[in-house]
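There are 2 protein chains.
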Amino acid sequence: MARRAGAGIQSICGGKARCGKCTVITKQEGDLLSPITESELKFLSEAELASGYRLACCALIAREGTIVVEIPLETRLGRHRLLVEGIEAPVDLSPIVRKLAVKMPKPTLHDVMPDTERLIEAMKGSGEIGEPHLDYEALKALPHVVREGEWMATVTLWGGREVICVEAGSTSHRLYGVAVDIGTTKLACYLVDLNTGEILAITSAPNPQIPYGEDVISRITFSSESPQSLAELQKVVVDEINRLVSTACEEAGVKAEEVYDMAVVGNTAMHHIFLNLNPKYVSLSPFPAVIGGSLNVKARSLGVLISKGAYVHTEPCVAGFVGADAVADMLATEIYRLNELSMCIDIGTNTEIMLGDERKLMACSCASGPAFEGAHIKHGMRAATGAIERIFIDPESLEVTYKTIEDAKPRGLCGSAIVDVIAEMLKAKVIDHSGKVNTELKSARLRVKEMVPELVIAWGNETEGGNDIAVTQRDVREIQLAKAAIYTGASILMKKMGVTASGIKHIFIAGAFGTYVDPRSAKVIGMYPDVPLDRVKFAGNTAGSGARMTLKSVKARKLAEEIRAKVEYLELGADPEFEGEFTNALFFPHLELDRFPSVRRMLGL
Amino acid sequence: MARRAGAGIQSICGGKARCGKCTVITKQEGDLLSPITESELKFLSEAELASGYRLACCALIAREGTIVVEIPLETRLGRHRLLVEGIEAPVDLSPIVRKLAVKMPKPTLHDVMPDTERLIEAMKGSGEIGEPHLDYEALKALPHVVREGEWMATVTLWGGREVICVEAGSTSHRLYGVAVDIGTTKLACYLVDLNTGEILAITSAPNPQIPYGEDVISRITFSSESPQSLAELQKVVVDEINRLVSTACEEAGVKAEEVYDMAVVGNTAMHHIFLNLNPKYVSLSPFPAVIGGSLNVKARSLGVLISKGAYVHTEPCVAGFVGADAVADMLATEIYRLNELSMCIDIGTNTEIMLGDERKLMACSCASGPAFEGAHIKHGMRAATGAIERIFIDPESLEVTYKTIEDAKPRGLCGSAIVDVIAEMLKAKVIDHSGKVNTELKSARLRVKEMVPELVIAWGNETEGGNDIAVTQRDVREIQLAKAAIYTGASILMKKMGVTASGIKHIFIAGAFGTYVDPRSAKVIGMYPDVPLDRVKFAGNTAGSGARMTLKSVKARKLAEEIRAKVEYLELGADPEFEGEFTNALFFPHLELDRFPSVRRMLGL
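In order, the protein sequences belong to chains E and Z. Going by my numbering, the letters in the first sequence line up with residues 55 to 659, in that order. Going by my numbering, the letters in the second sequence line up with residues 55 to 659, in that order.
Heads up, a few of these hints could be off.
From chain Z, some residues computed to sit far from chain E (all C-beta separations above 10 Å) [stated by the list, open to error]:
id : residue
1  : LEU95
2  : ALA104
3  : VAL123
4  : GLU279
5  : GLU625
So the derived list for chain Z, only partly shown, Cβ under 7 Å to chain E, looks like this [said to hold, decoys possible]:
id : residue
6  : MET55
7  : LYS194
8  : ALA628
Okay, derived cross-link-like pairs now, DSS-like style, lysine-lysine, Cα gap no bigger than 27 Å in a straight line [said to hold, decoys possible]:
id : chain 1 : residue 1 : chain 2 : residue 2
9  : Z       : LYS457    : E       : LYS362
10 : Z       : LYS289    : E       : LYS352
11 : E       : LYS157    : Z       : LYS334
12 : Z       : LYS362    : E       : LYS289
13 : Z       : LYS620    : E       : LYS178
14 : Z       : LYS289    : Z       : LYS362
15 : Z       : LYS414    : Z       : LYS432
16 : E       : LYS362    : Z       : LYS289
17 : Z       : LYS160    : Z       : LYS240
18 : E       : LYS160    : Z       : LYS334
Derived by calculation from the structure, the hints in this document are not laboratory data. C-beta atoms are modelled at their ideal positions from N, C-alpha and C, and glycine is treated no differently.
Turn these sequences into a full structure, and let the hints guide you.
See below:
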């Protein structure tokens, strides 16, 4: 039925009830579907079944009637394209910049009021304006502009008190802003119409600082060498942001000088480097940031090429590496105002975890590394055309089925496939609880190459490059380190809050990787606490959505400050339990299997 | 007696009662001096004689007793060196910048407050500070500075609300500012200790914009050609100011980055060009300025090399070319708060005239040109070593006596000598009422060279260069134009205010030229209204003193705004009486001799 309706449901095993990827949520009055199968009992938890979760390949229509079938995000095909925007809490459209068109009397010998005073008088006449002052660049442009517009001009007011731009004639209908998410690995740039709140264009690119160091620590080390090194890192990222803004503007038919505000988020290191603030001490105990609060800096001081008088607004940073991106995550997911306990995991090269509710919030940061973004993985690649994104291993034959982005010939494994393949290897017992590959199994796909055991995912004759694509024992170790880092953060936060997995009502998985990963596979490998699937929400790039919220609303800026003040920061490295927790979390799903009852059952451990 | 006491009284004629330059003011009980001579009756007015004015060469001691002899500024030797500072009204020492030394607790794992918030907390603990924010440059320096000073730092607060500088350790005792007067022809720069109000160093230089045009109109024409031309003019003046600041700092043992504030004055054209604001429309009817109010612009936006976070403060401009310098003149002379009617004439290439009292103030601007600064005068030069500064012509023999600066061999005539020589030529009837040289007179000094009559002041064998130094008919015409421009301004202002010369209780002559000129000679040629000598005050460079006042006191800044709001601007060019007044004022002292009764009497007209 779903296929006929073109619903676009994932199905790796081809409807053989083997992969468990075609989860849907059904709602019906009475019993209109076929009974729950053994496969469904294996892949779905009791709670999920109770909530109406079924596998699409198993749930057949038994009786006529009304059945509402919801296809969760993680089951949808092509969702990596849909979800780049991320979930976003609604905000009043009240940007810090607004335009005001004013008509001035022409000067005469009897009225020689200077241009600036003439403009301000006219502004006062048009509304409730206090005593605005002109940005120096706006002032320089003023004499030409007012005459070009024949004493009709449009001012852009920042915060109701500073004229950051003056344009000839009436241009009130053109008011734009850009939100920027500076990820350690990826930059995203959103062009927003500030008159409507609409996103006009999205552009993204790898962070050009990667050659200077893959993770935040190595970039901090580089930038701490000298003020020139810091300035160099700052310049490369600003240059790339300028390119992204320019491309987005071109797409939308907007001029870069019509962008009057920019909101920027990033972790504390990315935030500091973008602002040309020395991040050295953020990496040295006790890890103090240079500034915690939000900041408004003239775009021109940073080399950002938008309206000459515009400000760049950076969100507040919590502490350590829990930066402006984490505050944006909380803004977008609203976990700061939910009355049920929620966790937000923003997975990236640096992963931030927030846990709490309207009463109390805690946050920590984990050095999860870039493995989930395809780095340090033998055949890893980013989520682009030809990347294998879904994998299913037949537990008996060890035959591998996969799906690539845009169904192109495979070129490598993206993050979601890496998580998938490890979960599948666990289920097929290709690896054990400790992550060790069982080389005793008989399969042509299982081999030892250059002393390292590996499982071939795609043979050379199937691939774009003509070489086999495989997952190696070393890849498994990389993922173990990465997922252990994340789970350790989550686990210590839970201990500090005095809660267990069952107490967590919502888990928001944020970040680009989180958008693609199969939540079931991620749970199997033990990346996040064992909660029923219906509590896991894919939030997409919430750092970007939070940035857009602050671009669109001054209230959101205030909220961001309140969130920052509310969040209690936990320095993981300073926690005495950290090492023990981390070591135990290296196991799949965990050394203490009691923590993962549903996974334990599924794997039959 | 005066000579024995080393009092330094000017005496051009050598005590022969012929030049009338050795005026002193005497106070005595009873009649202790010799009777008033005929010469004194000739050189001094009745009012002056009544006030105790005498010629030092005529007033002999007749009886023993106590006589207090005051030597007016204009009679003193070497006063061009004493008077560069100008008179200055007293102000409370309350600069816009102040320093605050703060001690912060060192961050620990239990106190990871970011550097910025830590600093602000400490500041709040030290006094009544609101919510200060950090200048971006101060923010960038912060992490290094607080650690260098081992969590002891000194902040410089601007306006009580912005931290413009952070320095390691305690540096509160070092707080400096610079006042700058941008004259059309000359720049002056005053380094002030803002903890004491003391002037530490004064530097000055010709305005490097002179090659782009001698007067304000030609510079406006040049700068209106293109934004690049304007930027070029802006850069040359800022570069020169940077050199003057650097030299002043070196002299005083101060670093340029310890200069935390700058106050700048100049006429409207100089003001606009310094700020890189297009002055084009200031020269086109109805002559509106780009900005009238005072302005604070980051020094770094202008290229001014002082403390990185410092502001440059420009004083308000009245209208037309009556700019920030005129406001500074009024601040320094306090004519805005006197209950007696006063006039202030700030003589320069552009001359500003202000007339009024605490109730009403009017101002205008006159294009007097650079003749009084030695330009357009055949043997003119600026007031430097070897410049002839005083001249006496024997009315009978036409023999010329002169005095040079530092008694060096003569090199040319400075402004004061030019005014002197014209007054002397009038008295000796070498020129008539209309300025025409009487070539009928028999003297070797009077000759016609290349068709132009001239009077030789110094023969080649006396001069530094070996050539004769002379005053030509053309020089006389230049001075006629210049003095007529000034008198016309004064005269139209008086008409608008409904007053005559006798109603003016004080005339302040300001500007560098005003410092050197002999007020009697200036009155003889008709440069300013005919008032008794004791009403004429030499104010020196009041534009510079006014700038220093605003540097030292925020109250003075507020006063400046009040003065600007109070002054009524008069556009001379638009006045229907202008042309007629100007033509009549070309005569010496004026076509209508009734306006100059004391001069008329002296010249026997």
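So, going through the hints one by one against the coordinates:
no.	hint	in the structure
1	LEU95	holds (49 Å)
2	ALA104	holds (44 Å)
3	VAL123	holds (49 Å)
4	GLU279	holds (14 Å)
5	GLU625	violated (6 Å)
6	MET55	violated (56 Å)
7	LYS194	holds (6 Å)
8	ALA628	holds (5 Å)
9	Z/LYS457 with E/LYS362	violated (57 Å)
10	Z/LYS289 with E/LYS352	holds (23 Å)
11	E/LYS157 with Z/LYS334	holds (22 Å)
12	Z/LYS362 with E/LYS289	holds (20 Å)
13	Z/LYS620 with E/LYS178	holds (22 Å)
14	Z/LYS289 with Z/LYS362	holds (18 Å)
15	Z/LYS414 with Z/LYS432	violated (42 Å)
16	E/LYS362 with Z/LYS289	holds (20 Å)
17	Z/LYS160 with Z/LYS240	violated (51 Å)
18	E/LYS160 with Z/LYS334	holds (16 Å)
The structure shown violates the earlier hints numbered 5, 6, 9, 15, 17.
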